[in-house]
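**Student:** One-letter residues, chain by chain:
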Amino acid sequence: DSGVTQTPKHLITATGQRVTLRCSPRSGDLSVYWYQQSLDQGLQFLIQYYNGEERAKGNILERFSAQQFPDLHSELNLSSLELGDSALYFCASSLQIPADTQYFGPGTRLTVL
Amino acid sequence: TQLLEQSPQFLSIQEGENLTVYCNSSSVFSSLQWYRQEPGEGPVLLVTVVTGGEVKKLKRLTFQFGDARKDSSLHITAAQPGDTGLYLCAGGVLDQGGSEKLVFGKGMKLTVNP
Chain A
611 DSGVTQTPKH
621 LITATGQRVT
631 LRCSPRSGDL
641 SVYWYQQSLD
651 QGLQFLIQYY
661 NGEERAKGNI
671 LERFSAQQFP
681 DLHSELNLSS
691 LELGDSALYF
701 CASSLQIPAD
711 TQYFGPGTRL
721 TVL
Chain B
-2 TQLLEQSPQF
8 LSIQEGENLT
18 VYCNSSSVFS
28 SLQWYRQEPG
38 EGPVLLVTVV
48 TGGEVKKLKR
58 LTFQFGDARK
68 DSSLHITAAQ
78 PGDTGLYLCA
88 GGVLDQGGSE
98 KLVFGKGMKL
108 TVNP
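Chains A and B supply the protein sequences, listed in that same order.
Count along the first sequence from 1, then add 610; that gives the number in our numbering.
Residue 27 in our numbering sits at position 30 of the second sequence, and the numbers go up by one each step.
The hints are simulated quantities; they were obtained by calculation from the structure and are not laboratory data.
Every clue listed holds true.
In silico DSSO-like pairs for lysine-lysine, Cα to Cα no more than 27 Å straight-line:
(1) A:K619 x B:K103
(2) B:K106 x A:K619
(3) B:K103 x A:K667
Each pair of labels, with its calculated beta carbon distance range:
(4) B:G95 x A:G638: 16 to 26 Å
(5) A:P680 x B:A75: 42 to 52 Å
(6) A:T623 x B:V47: 33 to 43 Å
Reference listing, derived: stretches of chain B covered by chain A, where coverage requires no fewer than 3 residues with Cβ under 8 Å from a Cβ of chain A:
(7) 38 to 47
(8) 88 to 98
(9) 101 to 111
Computed from a prediction, not measured in an experiment: that's the story for all the values here.
From the three backbone atoms N, C-alpha and C, an ideal C-beta is built for every residue, glycine too.
Here chain A stands alone, though its shape is the one from the complex:
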């Protein structure tokens, strides 16, 4: 158990819909990272927040957005969902930046039908 929690574990929705994925970092960790893992693309960095502020952006689509709240939990919002958005979405957290270690949550499996 990494100490990072993600909800929900599974999510099934239809094209065009909007979903919100939630992540609670390890106690004391200020930085949160979001990743997307698909069979063809592998694990791809989406976005990073540190203490409530966006710190780095990766291959995140404009239809996707994220935020980190004052209690340090984070949410990833995915809108206008397409079939190709079906993937595993992981959240990771770290104490410092640059991170010596990123601790990954168990992931949310999103299926878009």
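Chain A is already provided as a structure; the job is to place chain B on it using the hints.
**Tutor:** Leaving out everything else, chain B in the frame of chain A:
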């Protein structure tokens, strides 16, 4: 765009055999990390190497960072069924703000048969 190529992509071996996984890129990385991921779970960090030429040993696992910090290898000695999983390498890329983004390879799926 930094890319990390892992080879082989799949490997199925018998218990007790040795294996080496390679992670190659044309880009220089500030660090190189190796993760192991089991089905239904997130990746778990095995090791971080930061110095060109660095070698780290973790029990039966030996990790090496290339001299030019562009490539890495993971060698497993006497593989066991418990080593089964997806092995991912990730290169660290520092941005101007001091954050380090990780660029992941697609992984090597290892199956160790008893």
